[in-house]
Each structure stands twice: as structure tokens, then as C-alpha cells.
Amino acid sequence: MLIKMTFLAFLGSVFPVILFNIDRKKILWCGLAGALGWIAYSIFLTLTNSSVFASFFGAFAVNFYSEIMARIIKTPSSMFYVPGIFPIVPGFTAYTTVIALVQGNFPEALHKGILTLSIGFAIAFGIMLSFTIFKILHNIKLRKL
0 MLIKMTFLAF
10 LGSVFPVILF
20 NIDRKKILWC
30 GLAGALGWIA
40 YSIFLTLTNS
50 SVFASFFGAF
60 AVNFYSEIMA
70 RIIKTPSSMF
80 YVPGIFPIVP
90 GFTAYTTVIA
100 LVQGNFPEAL
110 HKGILTLSIG
120 FAIAFGIMLS
130 FTIFKILHNI
140 KLRKL
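Note that numbering that gives the first Met the number 0 has the sequence shown beginning at 0, numbered continuously upward.
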């Protein structure tokens, strides 16, 4: 099951690359970002049973990978982390929030809405924190040279 979902996450990151007209040489690397993020998400979802924490660690892994690949391929890291986070974006949770609102189930809509926003903030914080940690490690490395 994990292999199938990882492959689908890979495809979920490849298709936005095509949609955004990113250089074709980077398609594989962007797909790997999505697959890596999904693997981290799946592992931490199993360990913590919290989609918020799992989304944080998935986004953290995607952005850290993106920063490394940006240095190797010499391209902006956003080329990798933007399509890489697509598989962990809470689209279905947002959809169920809207459905609950339309049906008039306001307690369920509030619960799902807060969950959607929490996952979104966790993704943003994961990207920000991994970027900051990577910059600190990079600056320490430069000072030692």
C-alpha cells in the first residue's frame, strides 16, 4: 500500500511540473520530492496519528530535499518544493469543510475548517523551519572553510 501511495505522490508532483512548465530535466527530481514528502508524512502519521504533525514533517522533508537539490542542480529550491508539497496539501479536508457548510452542519464545518487551517500552517512552518535550519547549517559550513 505504501509503495502504491508513494508512486501516486510521485505522479502528484510530476503533473504540476508539467502544468507549471518547469524544465523537463527536473521532472524526476520534483517527483522524488513529492514521494519523499509522502513517505515522511506516512511514517509520522503512523507514529503520531496526527495529520497536522505528519504534514509538518512531510513539508520539512520536502523543503530540506529541495534545498539540497537546489545546490546540486543550481536552480531555485521553489522549483522542487512547490510541486513536492502537492501530495500533502489538505484538499480533501477543505472539500469536506465546504460540504459541511453547504449542508448546514456547522460544528463539523468548524472542526474540519480548523483542521484544514492547522495542516496549512503546519506545512508553511515545516517549509520555513527547514529553510532556516538549512541556512544555519550552510553558514556554519562556510565559516569552517
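A couple of the hints might just be wrong.
[Claimed, not checked] Subject to a maximum C-alpha distance of 27 Å in a straight line, what follows is the list of computed BS3-like cross-link-like pairs (lysine-lysine):
(1) Lys73 to Lys25
(2) Lys24 to Lys3
(3) Lys73 to Lys143
(4) Lys3 to Lys25
(5) Lys73 to Lys134
(6) Lys134 to Lys25
(7) Lys143 to Lys24
(8) Lys140 to Lys73
(9) Lys73 to Lys24
Please keep in mind that the hints were generated in silico from the structure rather than gathered at the bench. In this text the structure is predicted, and so the values were computed from the model without any measurement.
Results for each hint:
1. Lys73 to Lys25: 11 Å, holds
2. Lys24 to Lys3: 24 Å, holds
3. Lys73 to Lys143: With Cα atoms ~22 Å apart, Lys73 and Lys143 stay inside 27 Å; holds.
4. Lys3 to Lys25: 22 Å, holds
5. Lys73 to Lys134: 16 Å, holds
6. Lys134 to Lys25: Judged against 27 Å, a Cα distance of about 23 Å means the pair holds.
7. Lys143 to Lys24: It is violated: about 33 Å lies between the C-alpha atoms, which goes past 27 Å.
8. Lys140 to Lys73: 18 Å, holds
9. Lys73 to Lys24: Roughly 13 Å separates the two Cα atoms, so the pair holds.
Comparing the model with each numbered hint stated earlier shows that hint 7 is the single one that does not hold.
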